[in-house]
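Novice: Given next are the chains, with one letter for each unit.
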Amino acid sequence: MKPLEDDVLDGNAIGGKLIELFGIEMTTAVGTCGVCGNAGQVAEMAVYLMQMGTVVRCRVCDNVLMVFVEVRGVTCVDLQGLASLS
Amino acid sequence: MAGTAVRGRLTWQTATVDSVIDETPTVRTLVLGVPDWGGHQAGQHLDIRLTGDDGYQAERSYSIAAAPGEPVAITVERLDDGEVSPYLTEDVQAGDELEVRGPIGGYFVWDPARPDGDVPLLLLAGGSGVVPLRSILRHRSQVGSSVPTRLLYSARNWDEVIYRSEFASPAPGVEVIYTLTRQQPAGWTGYARRVDQAMITEVAWPVAQIPMAQIPMAQMPVAYVCGPTNFVEAVAADLVALGYPPQRVKTERFGATGTP
Chain X
568 MKPLEDDVLD
578 GNAIGGKLIE
588 LFGIEMTTAV
598 GTCGVCGNAG
608 QVAEMAVYLM
618 QMGTVVRCRV
628 CDNVLMVFVE
638 VRGVTCVDLQ
648 GLASLS
Chain G
67 MAGTAVRGRL
77 TWQTATVDSV
87 IDETPTVRTL
97 VLGVPDWGGH
107 QAGQHLDIRL
117 TGDDGYQAER
127 SYSIAAAPGE
137 PVAITVERLD
147 DGEVSPYLTE
157 DVQAGDELEV
167 RGPIGGYFVW
177 DPARPDGDVP
187 LLLLAGGSGV
197 VPLRSILRHR
207 SQVGSSVPTR
217 LLYSARNWDE
227 VIYRSEFASP
237 APGVEVIYTL
247 TRQQPAGWTG
257 YARRVDQAMI
267 TEVAWPVAQI
277 PMAQIPMAQM
287 PVAYVCGPTN
297 FVEAVAADLV
307 ALGYPPQRVK
317 TERFGATGTP
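Going down the list, the protein sequences come from chains X and G. Just remember that the working numbering sits 567 ahead of the position in the first sequence, which is counted from 1. Just remember that the working numbering sits 66 ahead of the position in the second sequence, which is counted from 1.
Only chain G is shown next, with the shape it has when bound in the complex:
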């Protein structure tokens, strides 16, 4: 297996944890020093491989939280029954080494240089699905893009919102809309339920009144949906029901974990 066609820089290499940032009680960002990192695009991920003393190996994929050019960072949510996440969120310290492989992914990428990087942008996050979308938002700021952008971020409660202070001061043209599905702080006037068709209709960039015949596909808004599988399936279906062409809805499923 090791000898199969692996090209370019996608080989396992040893990274050093430069620093850790506790984002919430169960979520930690690891900033990594990766010696042969060739750069990445907003939305991509990397693979981590851990090897136990008995030789047992576990591999996991984590979305890159940093924008292109920033120090490589991943944000990991601790899963109660996880094999890898408890180690990454509780045990790993600065100076520790990890095997990483990346960057990976050409589909769930936002690239301002492409035509679909110059249209209204709709980002929909379920829990830790916000990580690659945060990379996209940071990249949008980096390049000075002015595309109208909305992030709809679904989380269980306010304490579990990742990157809170960053989202409190969004860049011009960016709106961050929260829905807190289980608990809300006193005085909360925002959404307080799971994302549904009505919420999507209120938040999504409208497409229904744009006659399909007049607006070329390349100018229609694009949506990025990321989070637990159930969240992604429901939200993607709602967007299509609203009139979004399936080709304008990009999805990345994280499995059944951490459901908001």
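So here's chain X without its partners, still in its complex pose:
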């Protein structure tokens, strides 16, 4: 079993997962970084798909904005890096 590639993608790559989690299209939602204040659309955030889960980072300061980890069939969502998401 190959590990998931960890190339840097963007929020487009997790569009389906976000609809699954939030129930609505999220790539145009605007997230504000809790560390540097940069506001940007989810589609433009830096996305790292890794075997343990998905990490979404701020393009400006690299702060972790969102983490999605699947544990026994349940997706755990950590949005603490975001000041807001609308």
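A few of these clues could be false.
[As the list claims (entries may be wrong)] Sample of chain X residues facing chain G (criterion: CB under 7 Å; computed from the structure):
| no. | residue |
| --- | --- |
| 1 | Asp574 |
| 2 | Leu576 |
| 3 | Asn579 |
| 4 | Gly582 |
| 5 | Gly583 |
| 6 | Ile586 |
| 7 | Thr594 |
| 8 | Ala610 |
| 9 | Asp629 |
| 10 | Asn630 |
| 11 | Val638 |
| 12 | Asp645 |
[Said to hold, decoys possible] Label-pair ranges, simulated between beta-carbon atoms:
| no. | chain 1 | residue 1 | chain 2 | residue 2 | range |
| --- | --- | --- | --- | --- | --- |
| 13 | G | Gln159 | X | Ala650 | 44 to 52 Å |
| 14 | G | Val306 | X | Asp629 | 36 to 44 Å |
| 15 | X | Cys628 | G | Gly135 | 41 to 49 Å |
| 16 | X | Met617 | G | Thr80 | 45 to 53 Å |
| 17 | X | Leu646 | G | Glu299 | 22 to 30 Å |
| 18 | X | Glu637 | G | Trp254 | 46 to 54 Å |
Everything labelled a hint here was simulated from the structure, so no lab data went into it. Quick reminder that beta carbons are idealized off the backbone N, C-alpha and C, glycines included.
Chain G: place on chain X using the hints.
Specialist: Positioned in the frame of chain X, the structure of chain G alone reads:
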């Protein structure tokens, strides 16, 4: 997980491969029959899920190559170290079934009904990044749009250019400009290098001489950049350096694969 809020039609469903088209030696288009497909917009993608005999599942996203209303089709590039693409480009035949979910994406979409669908259009493709841009071009033709449009398509060589015959006869108002970065056919007079600032300056709809104060944002050209991450990052930076507002540069990164 299965019980979380999934609304509307974004659930996994079984699609049947209606036909396959070999676009290049390593690229294949799969035309899909998707029973509960609710339509899509130009630029969107769908997810594919494959389940192995041992229950192992792999999911991948593929841009939709078809325009809205056309039969759903995806164009897949075979990656040497890919888990999924060798299967889709070599093994899958008409009649086979695939699980699909879509359409997905509201950001990388070209919609002629919106204000930003009525301005000069700049499409920049790195390798298989041309797929969603082809959907946009087909949709532009469908609706009879006359917005000035340029596609700058970067590929390694002529054999790897996807949709060659279609691009040989572009619609009125559309220009297709190639750059072949590794090998060029005899007599080639076009670009023969990776996209750089000089090339962008020559190809992009100009914004620098438009005083920002006079032209509303809503009338400025819009650019769609799609392909490997390195390509997208470099091209987007070049456009911004040329004067494109970041809000007018839409990006979709495919990862480090298939770098032109």
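Novice: Go through the numbered hints given earlier and state which of them the structure violates, listing their numbers in rising order.
Specialist: Result: hints 9, 10, 11, 12, 14, 16 break, sorted rising.
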